[in-house]
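Given only the sequences and the hints, what does the whole structure look like? Please build it.
Sequences listed follow chains P and E, in order.
Heads up, the first sequence is in this note's numbering, so the first residue is 1 and it goes up one at a time.
Heads up, the second sequence is in this note's numbering, so the first residue is 1001 and it goes up one at a time.
Treat the hints with caution; some may be incorrect.
Restraint ranges, calculated between C-beta atoms of paired labels, are given here [unchecked claim]:
1) E/G1188 x P/V16: 21 to 29 Å
2) E/R1052 x P/V28: 18 to 26 Å
3) P/E11 x E/D1195: 30 to 38 Å
4) P/S9 x E/A1177: 23 to 31 Å
5) P/V28 x E/S1164: 17 to 25 Å
6) E/G1127 x P/S9: 34 to 42 Å
7) E/R1023 x P/N10: 33 to 41 Å
8) P/N10 x E/T1063: 18 to 26 Å
9) P/V16 x E/R1193: 38 to 46 Å
10) P/E11 x E/V1211: 25 to 33 Å
11) P/S9 x E/G1188: 17 to 25 Å
12) E/A1014 x P/V28: 19 to 27 Å
13) E/P1077 x P/N10: 15 to 23 Å
14) E/L1132 x P/N10: 27 to 35 Å
Note that these hints are calculated values from the structure, not bench results.
All residues carry an ideal CB built from backbone N, CA and C; glycine is no exception.
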Amino acid sequence: MSNALEKWSNEQVALVDLIDRVIGGGVVITGDVVLGIADVDLVYLGLRLVLAPAHEVDQSIPLGRRSA
Amino acid sequence: MMLLYAIVPADAPAPEEHGLAGRRLETIRSALAAVIVEERPDHPRRSNEESRTFVEMICSLATITPLLPVRFPTVLPTRSAVLAELQAHEAAWRRRLTELDGLSEVVIRAQWEDPDQEIDAASHTSGTSYLLSRAATLQHHEATVAEISELVRHLTCQIKVLSSQQGIRIACLVANADVPQLKDAILGWQQARDDRQMVVGGPWPPFSFVVDQEAVNA
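Here it is in structure tokens:
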């Protein structure tokens, strides 16, 4: 079989799925959530109002809430 | 600022672990529920390492109390802000904690021989062939989801199809006692189909089921 996950063990694939669940699942509350992997912000989800690539909404985020 | 870890019952034991920033985890309690938090001076780095450590801590906490994991990384500015959120949602969280007690999440991933390679090849011929190839791939995905869902339906309380860039992923809400049986069912199914790579992850805290979506949709 040839696919992108072939070189990974089942345990590693399961760990990827687990991490995916902790940043993609879970309780969402009224707070600021920045989803990112390897220190690259992917999505900014603020106050459950915005769901878009971070670079597109970053300009609208008040300075005090921008990620470091 | 306060990094939120999980919603737990109001009478849950206080965790002894230290958080990502090395601070002792705290439990902020209200009448019906509580929130496990860590006070920290800065925002989490959101690196792979912190995500992994966070998820390991959630799994560790789940061994001592039922919990609803909070999406990582969620921060609130103060204890009072955490308490306000808790008091606003504690009845719903308490109800969901009760519903999920004794249940875990299992994620089934199925992949097969390079479905996307066919699409790439077809895309070089014509738009029609690309669309036909794409439709065939989606039909294959849907048929596999239906087959696996039917296979495990009698062992699950809820099933949710997750997004996936390759193959399919299905999250199942399963009674803890039924997890081995579900894994055996998937293993047996895979052995009859050697063209597919199957990975079954879990049991984990119910990340995908913190909200009763069926009740929301009703």
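So, going through the hints one by one against the coordinates:
1. E/G1188 x P/V16: 21 to 29 Å: Cβ of E/G1188 to Cβ of P/V16: about 25 Å, so the range 21 to 29 Å holds.
2. E/R1052 x P/V28: 18 to 26 Å: Holds, at about 21 Å.
3. P/E11 x E/D1195: 30 to 38 Å: violated, 22 Å
4. P/S9 x E/A1177: 23 to 31 Å: About 27 Å separates the Cβ atoms of P/S9 and E/A1177, which means 23 to 31 Å holds.
5. P/V28 x E/S1164: 17 to 25 Å: holds, 21 Å
6. E/G1127 x P/S9: 34 to 42 Å: holds, 39 Å
7. E/R1023 x P/N10: 33 to 41 Å: Roughly 34 Å apart at Cβ, these two residues keep to the hinted range, so it holds.
8. P/N10 x E/T1063: 18 to 26 Å: Holds, since P/N10 and E/T1063 (Cβ atoms, about 22 Å apart) stay within the stated range.
9. P/V16 x E/R1193: 38 to 46 Å: violated, 22 Å
10. P/E11 x E/V1211: 25 to 33 Å: holds, 29 Å
11. P/S9 x E/G1188: 17 to 25 Å: holds, 21 Å
12. E/A1014 x P/V28: 19 to 27 Å: Cβ of E/A1014 to Cβ of P/V28: about 25 Å, so the range 19 to 27 Å holds.
13. E/P1077 x P/N10: 15 to 23 Å: At roughly 41 Å between Cβ atoms, P/N10 and E/P1077 fall outside 15 to 23 Å, so the hint is violated.
14. E/L1132 x P/N10: 27 to 35 Å: holds, 33 Å
Violated hints for the displayed structure, listed by number in ascending order: 3, 9 and 13.
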